[in-house]
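Colleague: Residue numbers (this note's numbering), protein chains in the order written: chain B, 1 to 113; chain Y, 1 to 116.
Just so you know, the hints here were simulated from the structure itself, not pulled from any lab data.
Where hints are given, some of them may not hold.
[Said to hold, decoys possible] 25 Å max Cα-Cα, derived SDA-like pairs, lysine to any residue: (1) Y:K44 - B:G43; (2) B:K58 - B:E99; (3) Y:K44 - B:A86; (4) B:K49 - Y:H10; (5) Y:K44 - Y:R9; (6) B:K49 - Y:V12; (7) B:K58 - Y:P96; (8) Y:K27 - Y:E40; (9) Y:K27 - B:Q42; (10) Y:K51 - B:H75; (11) B:K49 - Y:R20; (12) Y:K27 - B:H75; (13) Y:K44 - B:H75; (14) Y:K51 - Y:H29; (15) Y:K44 - B:Q42.
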Amino acid sequence: AQSVTQLGSHVSVSEGALVLLRCNYSSSVPPYLFWYVQYPNQGLQLLLKYTTGATLVKGINGFEAEFKKSETSFHLTKPSAHMSDAAEYFCAVSFFGNEKLTFGTGTRLTIIP
Amino acid sequence: NAGVMQNPRHLVRRRGQEARLRCSPMKGHSHVYWYRQLPEEGLKFMVYLQKENIIDESGMPKERFSAEFPKEGPSILRIQQVVRGDSAAYFCASSPPVGRVSNEQFFGPGTRLTVL
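Produce the entire structure from the sequences given, and follow the hints as far as they go.
Modeller: Below you can see the structure in the form of structure tokens.
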């Protein structure tokens, strides 16, 4: 069975500062990893995904994440936070042959002006 | 290309009533998934369907909940005799047919169910 742990249910950063949202996973087989963003009262939008190949993945809105197998991590980063980045962020895992996504509990990102 | 569509967006029911939530997948997508998001929590998988087949219902409560994805028309998540604990946001996602590289799912805007 797979699971996802997101450290920090709430993260606050100043506008222009580095954004780092942490995600660790547990999976007995090679994982597929995803980051989704959810704005208030809206659905989830895919930011980026890792399936195979390059371990540094670039996504939309300037976000990127690095798959580190040895650390079972898939942390999300953005060099410079923007006010529009304020949202809830979810890390999720699945794997080939098992279609369902297993989500972390989410991290609410607040941007301080 | 229209995205995943869900209706209604908001649904209010009294305890004991039935709730029907509808999901139309993206064009060309034959796989549908339902997830539930309780307040202040992440999304939890409920059920995975293909046309006329339930593939994985390991996340569905044993009673009162059912799902279908008929040959024609939207997928339906049905909750009978709703209770206050059913109040949540229900999200539908869809993905392309088998053979895709990754399990990328595209989410709808959700249906927010409130049980009075």
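Colleague: Take the C-alpha atoms of K44 (chain Y) and Q42 (chain B), compute the straight-line distance between them, and say whether it is at most 25 Å.
Modeller: At roughly 16 Å apart (the allowed maximum being 25 Å), Q42 (chain B) and K44 (chain Y) satisfy the hint.
Colleague: CA of K27 (chain Y) to CA of Q42 (chain B), is that 25 Å or under?
Modeller: holds (21 Å)
Colleague: Given the proposed pairing of K49 (chain B) with V12 (chain Y), does the C-alpha separation stay at or below 25 Å?
Modeller: At roughly 35 Å apart (the allowed maximum being 25 Å), V12 (chain Y) and K49 (chain B) break the hint.
Colleague: Compare the distance between the alpha carbons of K51 (chain Y) and H75 (chain B) with 25 Å, and conclude whether the hinted pair is satisfied.
Modeller: Not OK: K51 (chain Y) and H75 (chain B) at ~36 Å, beyond 25 Å, violated.
Colleague: Could you grab the alpha-carbon distance between K49 (chain B) and R20 (chain Y) and see if it respects the 25 Å cut-off?
Modeller: violated (32 Å)
Colleague: So if I understand the rule, the pair passes when the alpha-carbon distance is 25 Å or less; does K58 (chain B) with E99 (chain B) pass?
Modeller: This hinted pair holds, its Cα atoms lying about 23 Å apart.
Colleague: Under the criterion that the straight-line Cα-Cα distance not exceed 25 Å, is the pair K27 (chain Y), E40 (chain Y) satisfied?
Modeller: violated (32 Å)
Colleague: Between K44 (chain Y) and A86 (chain B), is the straight-line Cα distance small enough, at 25 Å or below?
Modeller: holds (23 Å)
Colleague: Take a quick look at whether K51 (chain Y) and H29 (chain Y) sit within 25 Å of each other, Cα to Cα.
Modeller: Status holds; Cα separation ~10 Å.
Colleague: Given the hinted pair K44 (chain Y) and R9 (chain Y), is their Cα-Cα distance within 25 Å?
Modeller: This hinted pair holds, its Cα atoms lying about 19 Å apart.
Colleague: Can you confirm whether the C-alpha distance between K44 (chain Y) and G43 (chain B) stays at or below 25 Å?
Modeller: Distance of about 14 Å is within 25 Å: holds.
Colleague: Is the straight-line distance between the alpha-carbon of K44 (chain Y) and that of H75 (chain B) 25 Å or less?
Modeller: holds (21 Å)
Hint compliance for this structure: hints 4, 6, 8, 10, 11, 12 are broken, all remaining hints hold.
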